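In UniProt numbering, the protein residues as written are 1 to 497.
Just so you know, the hints here were simulated from the structure itself, not pulled from any lab data.
These numbers come from a predicted model, not from an experiment.
Please note that a few of the clues may not be correct.
What the hints assert, rightly or not - Cβ pair distances, simulated, as ranges:
hint : residue 1 : residue 2 : range
1    : L59       : A420      : 45 to 53 Å
2    : G100      : R458      : 20 to 28 Å
3    : L462      : E359      : 23 to 31 Å
4    : A42       : V476      : 15 to 23 Å
5    : L11       : P204      : 50 to 58 Å
6    : G372      : S19       : 33 to 41 Å
7    : P204      : S457      : 56 to 64 Å
8    : R153      : G100      : 21 to 29 Å
The beta-carbon is built from N, C-alpha and C at its ideal position, and this holds for glycine as well.
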Amino acid sequence: MVAAPVVLVVLVLLVARLSEAAAVRVAAFGGLVVLGWSVWLAALSQTRLDGTAVDVPWLAAIDVRWHLGVDGISLPLLLMSTVVFACTLLALVRNAPDCGGTAWLAALLLLIEAGVLGSFLALDLVLFFAFFEVALIPMWFVIDQWGDAHGPRGLQQRRRAATRFLVFTVLGSALMLVGFVVVRSETGTFDIVRIAASYDPVGPVALTAAALVALGLAVKTPLWPLHIWLPDAHSKAPTVGSVVLAAVLLKLGTYGFLRFWLPLVDPGWDWLLPVVGGVAVVGIVYGALACLAQTDLKRLIAYSSVGHMGFVVLAAATYTIGGVQGAVYASVAHGVVTGLLFFLAGAVKDRYGTGDLRELRGLYGRVPRLGGLVAFGAMASLGLPGLAGFWGEMLAVRAALFPAGVLPRVTFVGFAVVAALGVILASAYFLALLRSAFQAGETGASPPPAVVAGDVSRWEWLVWSPLVAAIVVLGVAPGLLLTPVAEATVAFLGGGR
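Whenever a hint applies, use it, and build me the whole structure from the sequences.
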(Lines of atoms letter the chains of each structure in order from A and count residues from 1; the text may use other names and numbers.)
(Lines give C-alpha, C1' and ligand atoms only; values in the text may rest on other atoms or scores of the structure.)
Protein backbone atom coordinates (compact mmCIF):
# COMPACT_ATOMS: atom_id res chain seq x y z
CA MET A 1 0.00 0.00 0.00
CA VAL A 2 2.85 2.40 0.82
CA ALA A 3 4.59 1.56 -2.46
CA ALA A 4 1.51 2.28 -4.59
CA PRO A 5 1.80 6.11 -4.45
CA VAL A 6 5.53 5.85 -5.23
CA VAL A 7 4.82 3.76 -8.33
CA LEU A 8 2.18 6.31 -9.29
CA VAL A 9 4.74 9.13 -8.99
CA VAL A 10 6.93 7.45 -11.60
CA LEU A 11 3.95 6.74 -13.85
CA VAL A 12 2.66 10.32 -13.60
CA LEU A 13 6.03 11.80 -14.52
CA LEU A 14 6.37 9.45 -17.50
CA VAL A 15 2.89 10.30 -18.79
CA ALA A 16 3.59 14.01 -18.25
CA ARG A 17 6.17 13.86 -21.06
CA LEU A 18 3.29 13.19 -23.44
CA SER A 19 0.45 15.13 -21.83
CA GLU A 20 0.29 17.00 -18.55
CA ALA A 21 -3.51 16.80 -18.44
CA ALA A 22 -3.38 13.03 -18.89
CA ALA A 23 -0.76 12.76 -16.15
CA VAL A 24 -3.00 14.62 -13.69
CA ARG A 25 -5.89 12.31 -14.55
CA VAL A 26 -3.63 9.31 -13.93
CA ALA A 27 -2.73 10.77 -10.52
CA ALA A 28 -6.40 11.30 -9.68
CA PHE A 29 -7.29 7.77 -10.70
CA GLY A 30 -4.37 6.48 -8.65
CA GLY A 31 -5.61 8.40 -5.63
CA LEU A 32 -8.96 6.66 -5.96
CA VAL A 33 -7.23 3.28 -6.23
CA VAL A 34 -5.28 3.91 -3.01
CA LEU A 35 -8.52 5.00 -1.33
CA GLY A 36 -10.17 1.77 -2.43
CA TRP A 37 -7.19 -0.16 -1.09
CA SER A 38 -7.54 1.49 2.32
CA VAL A 39 -11.25 0.66 2.42
CA TRP A 40 -10.41 -2.96 1.59
CA LEU A 41 -7.79 -2.94 4.35
CA ALA A 42 -10.38 -1.60 6.78
CA ALA A 43 -12.73 -4.42 5.89
CA LEU A 44 -10.05 -7.04 6.55
CA SER A 45 -8.25 -5.51 9.50
CA GLN A 46 -8.62 -6.56 13.10
CA THR A 47 -8.27 -4.07 15.94
CA ARG A 48 -4.98 -5.38 17.31
CA LEU A 49 -1.51 -4.38 16.23
CA ASP A 50 -0.76 -7.84 14.89
CA GLY A 51 -3.97 -7.97 12.85
CA THR A 52 -2.34 -6.87 9.59
CA ALA A 53 1.44 -6.58 9.87
CA VAL A 54 4.78 -6.96 8.11
CA ASP A 55 7.87 -7.42 10.26
CA VAL A 56 11.21 -8.04 8.54
CA PRO A 57 14.76 -6.79 9.25
CA TRP A 58 15.77 -3.57 7.50
CA LEU A 59 18.93 -2.11 9.09
CA ALA A 60 20.08 -5.08 11.13
CA ALA A 61 23.19 -3.34 12.49
CA ILE A 62 21.08 -0.94 14.55
CA ASP A 63 18.04 -3.24 14.92
CA VAL A 64 15.74 -1.17 12.70
CA ARG A 65 12.94 -3.29 11.27
CA TRP A 66 10.47 -2.85 8.42
CA HIS A 67 7.57 -3.28 10.83
CA LEU A 68 4.17 -2.17 9.56
CA GLY A 69 0.77 -2.76 11.11
CA VAL A 70 -2.67 -1.26 11.53
CA ASP A 71 -5.18 -1.16 14.36
CA GLY A 72 -8.12 0.89 15.57
CA ILE A 73 -5.89 3.87 16.37
CA SER A 74 -4.14 4.16 13.01
CA LEU A 75 -6.86 2.88 10.68
CA PRO A 76 -9.28 5.85 11.05
CA LEU A 77 -6.45 8.28 10.32
CA LEU A 78 -5.29 6.22 7.37
CA LEU A 79 -8.80 6.15 5.89
CA MET A 80 -9.27 9.88 6.41
CA SER A 81 -5.93 10.60 4.75
CA THR A 82 -6.66 8.57 1.62
CA VAL A 83 -10.03 10.34 1.27
CA VAL A 84 -8.34 13.74 1.51
CA PHE A 85 -5.60 12.85 -0.99
CA ALA A 86 -8.18 11.49 -3.44
CA CYS A 87 -10.11 14.77 -3.17
CA THR A 88 -7.04 16.95 -3.70
CA LEU A 89 -5.88 14.97 -6.73
CA LEU A 90 -9.37 15.14 -8.23
CA ALA A 91 -9.39 18.89 -7.63
CA LEU A 92 -6.24 19.31 -9.73
CA VAL A 93 -7.98 17.82 -12.77
CA ARG A 94 -10.15 20.93 -13.21
CA ASN A 95 -8.33 23.51 -11.09
CA ALA A 96 -4.70 23.63 -12.20
CA PRO A 97 -2.39 26.24 -10.63
CA ASP A 98 -1.75 29.39 -12.66
CA CYS A 99 2.01 28.86 -12.68
CA GLY A 100 1.74 25.45 -14.39
CA GLY A 101 3.59 22.29 -13.49
CA THR A 102 0.40 20.55 -12.40
CA ALA A 103 1.79 17.08 -13.09
CA TRP A 104 4.76 17.74 -10.83
CA LEU A 105 2.43 19.07 -8.14
CA ALA A 106 0.33 15.90 -8.39
CA ALA A 107 3.48 13.77 -8.19
CA LEU A 108 4.58 15.57 -5.03
CA LEU A 109 1.16 15.04 -3.46
CA LEU A 110 1.46 11.32 -4.20
CA LEU A 111 4.92 11.26 -2.64
CA ILE A 112 3.52 13.00 0.45
CA GLU A 113 0.76 10.39 0.54
CA ALA A 114 3.35 7.60 0.54
CA GLY A 115 5.07 9.19 3.53
CA VAL A 116 1.79 9.70 5.36
CA LEU A 117 0.61 6.12 4.85
CA GLY A 118 3.99 4.80 5.94
CA SER A 119 3.91 6.95 9.07
CA PHE A 120 0.48 5.66 10.08
CA LEU A 121 1.53 2.05 9.45
CA ALA A 122 5.03 2.20 10.97
CA LEU A 123 5.63 0.34 14.23
CA ASP A 124 9.34 1.10 14.43
CA LEU A 125 10.57 4.44 15.77
CA VAL A 126 13.18 5.01 13.05
CA LEU A 127 10.80 3.87 10.33
CA PHE A 128 8.19 6.34 11.60
CA PHE A 129 10.81 9.09 11.55
CA ALA A 130 11.87 8.24 8.00
CA PHE A 131 8.32 8.19 6.64
CA PHE A 132 7.52 11.40 8.50
CA GLU A 133 10.36 13.16 6.66
CA VAL A 134 9.26 11.70 3.31
CA ALA A 135 5.89 13.35 3.92
CA LEU A 136 7.22 16.73 5.06
CA ILE A 137 10.05 17.55 2.65
CA PRO A 138 7.90 17.54 -0.53
CA MET A 139 5.52 19.98 1.18
CA TRP A 140 8.35 22.51 1.23
CA PHE A 141 8.50 22.30 -2.57
CA VAL A 142 4.70 22.60 -2.81
CA ILE A 143 4.71 25.86 -0.83
CA ASP A 144 7.87 27.26 -2.41
CA GLN A 145 6.95 26.55 -6.04
CA TRP A 146 3.14 26.73 -6.17
CA GLY A 147 2.29 29.01 -3.27
CA ASP A 148 0.58 32.38 -3.45
CA ALA A 149 2.95 35.08 -4.76
CA HIS A 150 0.43 37.90 -5.22
CA GLY A 151 1.24 41.32 -3.87
CA PRO A 152 4.32 43.55 -4.02
CA ARG A 153 6.37 41.18 -1.84
CA GLY A 154 4.41 38.02 -2.56
CA LEU A 155 7.29 35.93 -3.89
CA GLN A 156 9.55 36.88 -0.99
CA GLN A 157 6.82 36.11 1.56
CA ARG A 158 6.09 32.77 -0.09
CA ARG A 159 9.72 31.72 0.08
CA ARG A 160 9.99 32.92 3.66
CA ALA A 161 6.92 30.86 4.61
CA ALA A 162 8.38 27.78 2.91
CA THR A 163 11.76 28.29 4.58
CA ARG A 164 10.21 28.75 8.01
CA PHE A 165 8.19 25.57 7.48
CA LEU A 166 11.38 23.68 6.58
CA VAL A 167 13.44 25.05 9.47
CA PHE A 168 10.82 24.24 12.10
CA THR A 169 10.13 20.77 10.76
CA VAL A 170 13.86 19.96 10.72
CA LEU A 171 14.16 21.24 14.29
CA GLY A 172 11.24 19.09 15.40
CA SER A 173 12.67 16.10 13.58
CA ALA A 174 16.06 16.48 15.25
CA LEU A 175 14.55 16.64 18.73
CA MET A 176 12.31 13.65 18.06
CA LEU A 177 15.14 11.56 16.62
CA VAL A 178 17.41 12.28 19.59
CA GLY A 179 14.59 11.21 21.88
CA PHE A 180 14.15 7.98 19.93
CA VAL A 181 17.87 7.22 20.20
CA VAL A 182 17.73 7.75 23.96
CA VAL A 183 14.77 5.35 24.11
CA ARG A 184 16.83 2.80 22.18
CA SER A 185 19.62 3.13 24.73
CA GLU A 186 17.11 2.42 27.50
CA THR A 187 15.14 -0.41 25.88
CA GLY A 188 17.51 -2.01 23.39
CA THR A 189 14.93 -1.73 20.60
CA PHE A 190 13.18 0.72 18.27
CA ASP A 191 10.11 -1.53 18.03
CA ILE A 192 7.15 0.29 19.58
CA VAL A 193 5.18 -2.93 20.14
CA ARG A 194 7.98 -4.36 22.28
CA ILE A 195 8.45 -1.01 24.00
CA ALA A 196 4.75 -0.72 24.84
CA ALA A 197 4.67 -4.28 26.17
CA SER A 198 7.75 -4.23 28.39
CA TYR A 199 9.22 -0.73 28.86
CA ASP A 200 9.08 0.70 32.38
CA PRO A 201 9.99 4.40 32.04
CA VAL A 202 11.83 5.11 35.28
CA GLY A 203 14.56 7.61 36.03
CA PRO A 204 15.90 10.84 34.55
CA VAL A 205 17.03 9.28 31.27
CA ALA A 206 13.53 7.99 30.53
CA LEU A 207 12.06 11.36 31.45
CA THR A 208 14.54 13.14 29.17
CA ALA A 209 13.64 10.85 26.27
CA ALA A 210 9.92 11.45 26.72
CA ALA A 211 10.44 15.21 27.00
CA LEU A 212 12.54 15.34 23.82
CA VAL A 213 9.99 13.34 21.82
CA ALA A 214 7.16 15.51 23.17
CA LEU A 215 9.01 18.69 22.21
CA GLY A 216 9.71 17.44 18.70
CA LEU A 217 6.09 16.41 18.17
CA ALA A 218 4.89 19.72 19.62
CA VAL A 219 6.72 21.52 16.80
CA LYS A 220 5.14 19.30 14.18
CA THR A 221 1.58 19.21 15.57
CA PRO A 222 1.98 22.23 16.23
CA LEU A 223 1.29 23.30 19.80
CA TRP A 224 1.52 26.83 21.15
CA PRO A 225 4.04 28.51 21.27
CA LEU A 226 5.80 26.45 18.58
CA HIS A 227 3.05 27.11 16.03
CA ILE A 228 4.49 30.26 14.48
CA TRP A 229 5.36 28.55 11.19
CA LEU A 230 1.77 27.40 10.57
CA PRO A 231 -0.22 30.57 9.65
CA ASP A 232 2.30 31.71 7.03
CA ALA A 233 2.57 28.21 5.56
CA HIS A 234 -1.20 28.00 5.18
CA SER A 235 -1.69 31.50 3.84
CA LYS A 236 0.97 31.03 1.15
CA ALA A 237 0.39 27.38 0.22
CA PRO A 238 -1.79 26.57 -2.80
CA THR A 239 -5.28 25.33 -1.97
CA VAL A 240 -4.41 21.64 -2.28
CA GLY A 241 -1.29 22.23 -0.19
CA SER A 242 -3.29 23.89 2.59
CA VAL A 243 -5.81 21.04 2.53
CA VAL A 244 -3.12 18.36 2.84
CA LEU A 245 -1.13 20.29 5.44
CA ALA A 246 -4.11 20.90 7.73
CA ALA A 247 -6.10 17.74 7.18
CA VAL A 248 -3.27 15.21 7.08
CA LEU A 249 0.24 16.39 7.94
CA LEU A 250 -0.70 17.90 11.28
CA LYS A 251 -2.18 14.52 12.23
CA LEU A 252 1.24 12.91 11.98
CA GLY A 253 2.18 14.94 15.03
CA THR A 254 -0.92 14.04 17.02
CA TYR A 255 -0.61 10.39 15.97
CA GLY A 256 2.98 10.47 17.15
CA PHE A 257 1.79 11.56 20.59
CA LEU A 258 -0.65 8.64 20.74
CA ARG A 259 1.43 5.86 19.21
CA PHE A 260 5.03 6.73 19.98
CA TRP A 261 4.93 9.05 23.00
CA LEU A 262 2.37 7.60 25.43
CA PRO A 263 4.27 4.28 25.76
CA LEU A 264 7.34 6.30 26.80
CA VAL A 265 5.52 8.05 29.65
CA ASP A 266 5.02 7.12 33.27
CA PRO A 267 1.79 8.87 34.33
CA GLY A 268 3.17 8.95 37.86
CA TRP A 269 5.72 11.59 36.86
CA ASP A 270 4.84 14.78 38.69
CA TRP A 271 4.95 17.27 35.86
CA LEU A 272 5.23 15.97 32.30
CA LEU A 273 1.61 15.09 31.47
CA PRO A 274 0.17 18.11 33.34
CA VAL A 275 2.60 20.43 31.54
CA VAL A 276 1.69 18.98 28.14
CA GLY A 277 -2.00 19.29 29.01
CA GLY A 278 -1.51 22.87 30.18
CA VAL A 279 0.31 23.86 27.00
CA ALA A 280 -2.50 22.29 24.98
CA VAL A 281 -5.13 24.29 26.88
CA VAL A 282 -3.25 27.55 26.38
CA GLY A 283 -3.17 26.73 22.67
CA ILE A 284 -6.94 26.22 22.64
CA VAL A 285 -7.60 29.68 24.05
CA TYR A 286 -4.78 31.37 22.14
CA GLY A 287 -5.96 29.92 18.83
CA ALA A 288 -9.49 31.17 19.42
CA LEU A 289 -8.37 34.67 20.41
CA ALA A 290 -6.02 34.85 17.43
CA CYS A 291 -8.90 33.89 15.14
CA LEU A 292 -10.96 36.81 16.42
CA ALA A 293 -8.21 39.17 15.24
CA GLN A 294 -7.78 37.73 11.72
CA THR A 295 -8.90 39.43 8.54
CA ASP A 296 -7.64 36.75 6.12
CA LEU A 297 -9.81 33.65 5.69
CA LYS A 298 -6.97 31.13 5.35
CA ARG A 299 -5.08 32.53 8.34
CA LEU A 300 -8.26 32.33 10.41
CA ILE A 301 -8.67 28.64 9.55
CA ALA A 302 -4.96 28.09 10.28
CA TYR A 303 -5.20 29.59 13.77
CA SER A 304 -8.33 27.54 14.43
CA SER A 305 -6.19 24.46 13.79
CA VAL A 306 -3.90 25.47 16.67
CA GLY A 307 -6.91 25.31 18.98
CA HIS A 308 -8.19 22.03 17.57
CA MET A 309 -4.79 20.38 17.95
CA GLY A 310 -4.84 21.58 21.55
CA PHE A 311 -8.00 19.54 22.15
CA VAL A 312 -6.32 16.47 20.65
CA VAL A 313 -3.20 16.71 22.81
CA LEU A 314 -5.19 17.56 25.95
CA ALA A 315 -7.16 14.35 25.46
CA ALA A 316 -3.97 12.34 24.97
CA ALA A 317 -2.40 13.86 28.10
CA THR A 318 -5.14 12.36 30.29
CA TYR A 319 -3.62 8.90 29.67
CA THR A 320 -7.00 7.16 29.51
CA ILE A 321 -8.93 5.08 27.00
CA GLY A 322 -11.48 7.89 26.73
CA GLY A 323 -8.67 10.35 26.11
CA VAL A 324 -7.24 8.31 23.24
CA GLN A 325 -10.76 7.93 21.82
CA GLY A 326 -11.25 11.69 21.94
CA ALA A 327 -7.83 12.37 20.44
CA VAL A 328 -8.33 10.04 17.47
CA TYR A 329 -11.88 11.24 16.90
CA ALA A 330 -10.90 14.92 17.09
CA SER A 331 -8.00 14.28 14.68
CA VAL A 332 -10.23 12.64 12.08
CA ALA A 333 -12.98 15.24 12.52
CA HIS A 334 -10.49 18.09 12.15
CA GLY A 335 -9.11 16.46 9.02
CA VAL A 336 -12.41 16.32 7.15
CA VAL A 337 -13.79 19.63 8.48
CA THR A 338 -10.68 21.75 7.99
CA GLY A 339 -9.93 20.08 4.68
CA LEU A 340 -13.36 21.19 3.47
CA LEU A 341 -12.87 24.71 4.85
CA PHE A 342 -9.57 25.16 3.02
CA PHE A 343 -11.15 23.92 -0.21
CA LEU A 344 -13.89 26.52 0.28
CA ALA A 345 -11.40 29.27 1.10
CA GLY A 346 -9.59 28.47 -2.14
CA ALA A 347 -12.87 28.58 -4.06
CA VAL A 348 -13.66 32.02 -2.65
CA LYS A 349 -10.22 33.33 -3.60
CA ASP A 350 -10.44 31.81 -7.09
CA ARG A 351 -13.74 33.61 -7.68
CA TYR A 352 -12.94 36.98 -6.14
CA GLY A 353 -9.17 37.22 -6.12
CA THR A 354 -8.95 37.81 -2.37
CA GLY A 355 -9.44 36.13 0.96
CA ASP A 356 -9.60 39.40 2.89
CA LEU A 357 -12.75 39.25 5.00
CA ARG A 358 -13.03 43.03 4.90
CA GLU A 359 -13.59 42.85 1.15
CA LEU A 360 -15.92 39.86 0.99
CA ARG A 361 -19.17 41.20 2.43
CA GLY A 362 -22.41 40.04 0.88
CA LEU A 363 -21.05 36.90 -0.78
CA TYR A 364 -23.94 34.79 0.45
CA GLY A 365 -26.30 36.64 -1.86
CA ARG A 366 -23.95 36.16 -4.82
CA VAL A 367 -22.91 32.53 -4.30
CA PRO A 368 -25.52 30.98 -1.97
CA ARG A 369 -24.32 27.38 -2.39
CA LEU A 370 -20.74 28.29 -1.61
CA GLY A 371 -21.92 30.44 1.28
CA GLY A 372 -24.05 27.61 2.60
CA LEU A 373 -21.12 25.20 2.47
CA VAL A 374 -18.91 27.67 4.35
CA ALA A 375 -21.64 27.99 6.99
CA PHE A 376 -21.87 24.20 7.19
CA GLY A 377 -18.09 23.85 7.59
CA ALA A 378 -17.98 26.61 10.20
CA MET A 379 -20.75 25.00 12.23
CA ALA A 380 -18.97 21.65 12.08
CA SER A 381 -15.70 23.24 13.17
CA LEU A 382 -17.22 25.07 16.14
CA GLY A 383 -18.73 21.80 17.38
CA LEU A 384 -22.41 21.87 16.46
CA PRO A 385 -24.08 18.67 17.79
CA GLY A 386 -24.83 16.22 15.00
CA LEU A 387 -21.69 17.11 13.05
CA ALA A 388 -18.20 15.64 13.33
CA GLY A 389 -16.58 18.46 15.29
CA PHE A 390 -18.85 18.06 18.32
CA TRP A 391 -17.70 14.67 19.54
CA GLY A 392 -13.98 15.35 19.46
CA GLU A 393 -14.23 18.45 21.63
CA MET A 394 -16.77 16.90 23.97
CA LEU A 395 -14.70 13.74 24.46
CA ALA A 396 -11.54 15.77 25.08
CA VAL A 397 -13.24 17.87 27.77
CA ARG A 398 -14.79 14.78 29.34
CA ALA A 399 -11.44 12.99 29.40
CA ALA A 400 -9.89 15.97 31.19
CA LEU A 401 -12.60 15.71 33.86
CA PHE A 402 -11.62 12.08 34.51
CA PRO A 403 -7.86 11.68 33.91
CA ALA A 404 -5.80 8.66 34.89
CA GLY A 405 -5.96 8.00 38.61
CA VAL A 406 -2.36 9.00 39.35
CA LEU A 407 -2.72 12.39 37.65
CA PRO A 408 -3.78 15.51 39.62
CA ARG A 409 -7.52 15.61 38.95
CA VAL A 410 -8.02 19.17 40.18
CA THR A 411 -5.47 20.39 37.65
CA PHE A 412 -7.11 18.55 34.77
CA VAL A 413 -10.60 19.68 35.81
CA GLY A 414 -9.26 23.23 35.54
CA PHE A 415 -7.97 22.36 32.07
CA ALA A 416 -11.45 21.09 31.16
CA VAL A 417 -13.06 24.35 32.25
CA VAL A 418 -10.62 26.45 30.23
CA ALA A 419 -11.02 24.16 27.20
CA ALA A 420 -14.79 24.61 27.42
CA LEU A 421 -14.20 28.37 27.31
CA GLY A 422 -12.25 27.75 24.11
CA VAL A 423 -15.34 26.11 22.60
CA ILE A 424 -17.34 29.27 23.34
CA LEU A 425 -14.65 31.47 21.79
CA ALA A 426 -14.62 29.23 18.71
CA SER A 427 -18.32 29.84 18.30
CA ALA A 428 -17.67 33.57 18.47
CA TYR A 429 -15.04 33.73 15.75
CA PHE A 430 -16.83 31.47 13.29
CA LEU A 431 -20.11 33.35 13.72
CA ALA A 432 -18.19 36.59 13.23
CA LEU A 433 -16.70 35.08 10.06
CA LEU A 434 -20.14 34.28 8.67
CA ARG A 435 -21.51 37.70 9.53
CA SER A 436 -18.52 39.49 8.05
CA ALA A 437 -18.08 37.58 4.83
CA PHE A 438 -21.46 36.29 3.78
CA GLN A 439 -23.95 38.93 4.88
CA ALA A 440 -24.12 42.50 3.70
CA GLY A 441 -22.83 44.95 6.26
CA GLU A 442 -24.72 47.86 7.69
CA THR A 443 -23.23 50.12 5.07
CA GLY A 444 -24.44 47.84 2.30
CA ALA A 445 -20.92 47.00 1.25
CA SER A 446 -20.67 44.98 -1.93
CA PRO A 447 -18.34 42.06 -2.59
CA PRO A 448 -15.48 42.53 -5.05
CA PRO A 449 -16.27 41.80 -8.69
CA ALA A 450 -16.04 38.12 -9.53
CA VAL A 451 -12.90 36.86 -11.20
CA VAL A 452 -14.56 33.53 -11.96
CA ALA A 453 -18.31 33.73 -12.36
CA GLY A 454 -20.70 31.17 -10.99
CA ASP A 455 -21.53 29.29 -7.83
CA VAL A 456 -20.32 25.80 -6.91
CA SER A 457 -19.66 23.72 -10.02
CA ARG A 458 -20.54 20.07 -10.50
CA TRP A 459 -16.89 19.11 -10.32
CA GLU A 460 -16.48 20.97 -7.04
CA TRP A 461 -19.51 19.12 -5.67
CA LEU A 462 -17.85 15.86 -6.70
CA VAL A 463 -14.58 16.78 -5.00
CA TRP A 464 -16.09 18.12 -1.79
CA SER A 465 -18.99 15.72 -1.27
CA PRO A 466 -16.91 12.94 0.39
CA LEU A 467 -15.80 15.41 3.05
CA VAL A 468 -19.34 16.70 3.56
CA ALA A 469 -20.63 13.14 3.87
CA ALA A 470 -17.90 12.21 6.36
CA ILE A 471 -18.75 15.22 8.54
CA VAL A 472 -22.38 14.14 8.73
CA VAL A 473 -21.76 10.41 9.18
CA LEU A 474 -19.18 10.90 11.93
CA GLY A 475 -21.50 13.34 13.65
CA VAL A 476 -24.49 11.00 13.80
CA ALA A 477 -22.61 7.68 14.19
CA PRO A 478 -19.54 8.32 16.39
CA GLY A 479 -19.40 4.66 17.41
CA LEU A 480 -17.89 3.86 14.03
CA LEU A 481 -14.63 5.25 15.42
CA LEU A 482 -14.97 5.07 19.19
CA THR A 483 -15.35 1.30 19.57
CA PRO A 484 -12.30 0.18 17.55
CA VAL A 485 -10.16 2.91 19.11
CA ALA A 486 -11.06 1.75 22.63
CA GLU A 487 -10.27 -1.88 21.80
CA ALA A 488 -6.95 -0.94 20.22
CA THR A 489 -5.99 1.20 23.22
CA VAL A 490 -6.58 -1.67 25.62
CA ALA A 491 -4.46 -3.93 23.42
CA PHE A 492 -1.70 -1.34 23.05
CA LEU A 493 -1.50 0.33 26.46
CA GLY A 494 -3.49 -2.05 28.57
CA GLY A 495 -6.01 0.71 29.21
CA GLY A 496 -3.32 2.98 30.65
CA ARG A 497 -0.63 2.06 33.16
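Right, here's what the structure says about each hint:
1. L59 <-> A420: 45 to 53 Å: holds (47 Å)
2. G100 <-> R458: 20 to 28 Å: Because 25 Å falls inside the window, the suggested range holds.
3. L462 <-> E359: 23 to 31 Å: holds (29 Å)
4. A42 <-> V476: 15 to 23 Å: holds (19 Å)
5. L11 <-> P204: 50 to 58 Å: Check passed, 51 Å falls within 50 to 58 Å.
6. G372 <-> S19: 33 to 41 Å: holds (37 Å)
7. P204 <-> S457: 56 to 64 Å: Holds, since P204 and S457 (Cβ atoms, about 59 Å apart) stay within the stated range.
8. R153 <-> G100: 21 to 29 Å: holds (22 Å)
When each numbered hint is compared with the structure, no violation occurs for any of them.
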